[in-house]
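Using the sequences and the accompanying hints, generate a full structural model.
Protein chains in written order, with the working numbering: chain A, 1 to 81; chain B, 1001 to 1437.
Misleading hints may appear alongside valid ones.
Stated by the list, open to error - Cross-link-like lysine-lysine pairs, in silico, DSBU-like; alpha carbons within 30 Å at most:
| id | chain 1 | residue 1 | chain 2 | residue 2 |
| --- | --- | --- | --- | --- |
| 1 | A | Lys31 | B | Lys1416 |
| 2 | B | Lys1374 | A | Lys21 |
| 3 | B | Lys1090 | B | Lys1066 |
| 4 | B | Lys1059 | B | Lys1033 |
| 5 | B | Lys1374 | A | Lys19 |
| 6 | B | Lys1359 | A | Lys36 |
| 7 | A | Lys42 | A | Lys19 |
| 8 | B | Lys1273 | B | Lys1245 |
| 9 | A | Lys36 | B | Lys1398 |
| 10 | A | Lys16 | B | Lys1066 |
| 11 | A | Lys51 | B | Lys1066 |
| 12 | B | Lys1066 | A | Lys17 |
| 13 | B | Lys1374 | A | Lys8 |
| 14 | A | Lys7 | A | Lys17 |
| 15 | B | Lys1359 | A | Lys42 |
| 16 | A | Lys17 | B | Lys1374 |
| 17 | B | Lys1390 | A | Lys42 |
| 18 | B | Lys1416 | B | Lys1359 |
| 19 | A | Lys31 | B | Lys1390 |
| 20 | B | Lys1066 | A | Lys19 |
| 21 | B | Lys1374 | A | Lys16 |
| 22 | A | Lys46 | B | Lys1374 |
| 23 | A | Lys51 | B | Lys1374 |
| 24 | B | Lys1374 | B | Lys1398 |
| 25 | A | Lys31 | B | Lys1359 |
| 26 | A | Lys36 | B | Lys1374 |
| 27 | B | Lys1066 | A | Lys21 |
| 28 | B | Lys1384 | A | Lys36 |
| 29 | B | Lys1359 | A | Lys46 |
| 30 | B | Lys1374 | A | Lys7 |
| 31 | B | Lys1416 | A | Lys36 |
| 32 | A | Lys42 | B | Lys1374 |
| 33 | B | Lys1390 | A | Lys36 |
| 34 | B | Lys1384 | B | Lys1398 |
Said to hold, decoys possible - Derived DEER-like restraints, expressed as beta-carbon distance ranges:
| id | chain 1 | residue 1 | chain 2 | residue 2 | range |
| --- | --- | --- | --- | --- | --- |
| 35 | A | Glu34 | B | Pro1016 | 57 to 65 Å |
| 36 | B | Lys1398 | A | Val11 | 45 to 53 Å |
| 37 | A | Lys31 | B | Asp1425 | 32 to 40 Å |
| 38 | B | Lys1297 | A | Lys31 | 57 to 65 Å |
| 39 | A | Glu34 | B | Lys1066 | 31 to 39 Å |
| 40 | B | Asn1410 | A | Glu34 | 31 to 39 Å |
These are calculated hints, taken from the structure and not from any lab test.
Being a predicted model, the structure only gives us computed values, none of them experimental.
In this text, a Cβ means the ideal position worked out from N, Cα and C, and glycines have one as well.
For reference, the chains in residue letters:
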Amino acid sequence: MEYEEAKKLIVEQLTKKLKTKSKFYFNDLSKILEMKPREAKKIVNKLVEEKVLEYWSSGSTSMYGMPGTGKQAAAEHEEKE
Amino acid sequence: MAKHATPLLDQLESGPWPSFVSDLKQEAANRAKNPNNVEFQVAQDCVEDLLGILELSFKHGMTHWKHGGIVGVFGYGGGVIGRYCDQPEKFPGVAHFHTMRVAQPGGKYYTTEFLKKLCDLWEFRGSGVTNMHGSTGDIIFIGTSTPQLEEIFYELTHTFNQDLGGSGSNLRTPADCIGSSRCEYSCYDTQAICYDLTQEYQDELHRPAFPYKFKFKFDGCPNCCVASIARADISFVGNWKDDIKIDQEAVAGYIGGEFPANAGDHNGRDWGKFDIEKEVIGLCPTQCMWMDSGKLKIDNKECTRCMHCINVMPRALHIGDDRGCSMLVGAKAPILDGAQMGSLLVPFIKVEEPYDEIKEVIEGIWDWWMEEGKNRERLGELIKRQGFQKLLEATNIKPMAQHVQEPRHNPYIFWKEDEVDGGWDRDINAFRKDHLR
Ligand code: SF4
Ligand code: SF4
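What follows is the structure in structure tokens.
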């Protein structure tokens, strides 16, 4: 899959799911891409680099989301002003 | 005068042990006084507020920290853990109070000068509160604000030549014992391989794509000073293949009281005369030692490398010469399914640059776990769920006696097609020749 195509697919699918959740495990992303984790990782890394996705971390687990979505982001932006 | 009254915390200081509360109070007082005229980049009284919010948590019986966050440094998915409190008005000094994990140097060797400089940096751009070291091994910086993160990262990487460590669903900062740099028990150079794998797997360390955390730990011998066997998803425990080397003269020296047992470690009390039967031979877990006309004998093929005899008589006994390591997998802390110790996967492997054989095993494990592991499932849990046999298949390792934990209690054997001569298909006509319909 080409990068641009993958990007479109991820943004589309995550936007669709936004009503119910804003953070996704890496596995969720590789499933959307229908790729093996190692392959998917290359694309996901690039999506983060381009700020299409951002990391969220609890300290023990990491998740991915689109910047500006979800409660946590809202709360953090309030604090940052 | 403290900013917040902390009667519950004060009580913690009354116990017999050194108290983190006293340490925090000391740092709070130091920041208030600021003898070195530091231009604090985060609230000067943040440690006061830290004490305050902790007191409140004790009072309420629940935490006032929120869970996680999106902060980090550019390009890294680990090393920074967002921490925000839910009482920012009462405790503005800890409204954001992020944790940074800094990779510890190999064997945790550093100069006092390096440590002092790290502390100066952290006093300037953070709370000054550290944790030396976190349970993964990292140097932990506790408490800074979002704008400081990139500044600290720049300083660490450019001035200190030091990287951030792992956190989240990453490879965590690999940790090692001091190994052959100082320890005669070490069966391989723990720091060399720890450094090599850290460099090789930079991407895994900094960009989270695993189902959950993953830890490597390197112990030079089965004494396991970094407790790899209890904590690491892959533990590398030094081991040897040949015989324990025995210096019979030194054995006689121990028996005669010339050398103190355990290198004099238990000298604080008079334990009486050294008794080799009671203190060494009788405690060998596999009973593979005996005395034969004044000479110590070891049946090496029965030795499980527990290290006991070597620890008691280091001058007389020494690890063998054919050295390498054993790889164990799946240790973890209790969160799900209870705590687990590592299971032996590779009984013996040479530890030699460029470590290709070892990397092959590691990558086989990762491929399997990344595909089959559920979200937040540690390797040890996946092994339990799918079975050790699946791991053997994934890593292309042939089952051997050392993999067997206990005799089978399941009488059925499930053959796979390729394990059976001729597979599942048969020529029906050939069969019918001997078997009527
Ligand atoms: S684990 Fe073994 S080799 Fe490493 S420091 Fe401890 S005793 Fe020495
Ligand atoms: S290392 Fe342990 S098992 Fe091996 S001979 Fe010594 S005491 Fe026995």
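Hint check:
no. : hint                            : verdict
1   : A:Lys31 / B:Lys1416             : 29 Å, holds
2   : B:Lys1374 / A:Lys21             : 18 Å, holds
3   : B:Lys1090 / B:Lys1066           : 15 Å, holds
4   : B:Lys1059 / B:Lys1033           : 29 Å, holds
5   : B:Lys1374 / A:Lys19             : 23 Å, holds
6   : B:Lys1359 / A:Lys36             : 20 Å, holds
7   : A:Lys42 / A:Lys19               : 27 Å, holds
8   : B:Lys1273 / B:Lys1245           : 25 Å, holds
9   : A:Lys36 / B:Lys1398             : 25 Å, holds
10  : A:Lys16 / B:Lys1066             : 27 Å, holds
11  : A:Lys51 / B:Lys1066             : 24 Å, holds
12  : B:Lys1066 / A:Lys17             : 24 Å, holds
13  : B:Lys1374 / A:Lys8              : 26 Å, holds
14  : A:Lys7 / A:Lys17                : 16 Å, holds
15  : B:Lys1359 / A:Lys42             : 20 Å, holds
16  : A:Lys17 / B:Lys1374             : 20 Å, holds
17  : B:Lys1390 / A:Lys42             : 27 Å, holds
18  : B:Lys1416 / B:Lys1359           : 28 Å, holds
19  : A:Lys31 / B:Lys1390             : 22 Å, holds
20  : B:Lys1066 / A:Lys19             : 22 Å, holds
21  : B:Lys1374 / A:Lys16             : 23 Å, holds
22  : A:Lys46 / B:Lys1374             : 24 Å, holds
23  : A:Lys51 / B:Lys1374             : 26 Å, holds
24  : B:Lys1374 / B:Lys1398           : 26 Å, holds
25  : A:Lys31 / B:Lys1359             : 27 Å, holds
26  : A:Lys36 / B:Lys1374             : 14 Å, holds
27  : B:Lys1066 / A:Lys21             : 18 Å, holds
28  : B:Lys1384 / A:Lys36             : 23 Å, holds
29  : B:Lys1359 / A:Lys46             : 25 Å, holds
30  : B:Lys1374 / A:Lys7              : 24 Å, holds
31  : B:Lys1416 / A:Lys36             : 25 Å, holds
32  : A:Lys42 / B:Lys1374             : 20 Å, holds
33  : B:Lys1390 / A:Lys36             : 18 Å, holds
34  : B:Lys1384 / B:Lys1398           : 19 Å, holds
35  : A:Glu34 / B:Pro1016: 57 to 65 Å : 60 Å, holds
36  : B:Lys1398 / A:Val11: 45 to 53 Å : 46 Å, holds
37  : A:Lys31 / B:Asp1425: 32 to 40 Å : 35 Å, holds
38  : B:Lys1297 / A:Lys31: 57 to 65 Å : 60 Å, holds
39  : A:Glu34 / B:Lys1066: 31 to 39 Å : 35 Å, holds
40  : B:Asn1410 / A:Glu34: 31 to 39 Å : 36 Å, holds
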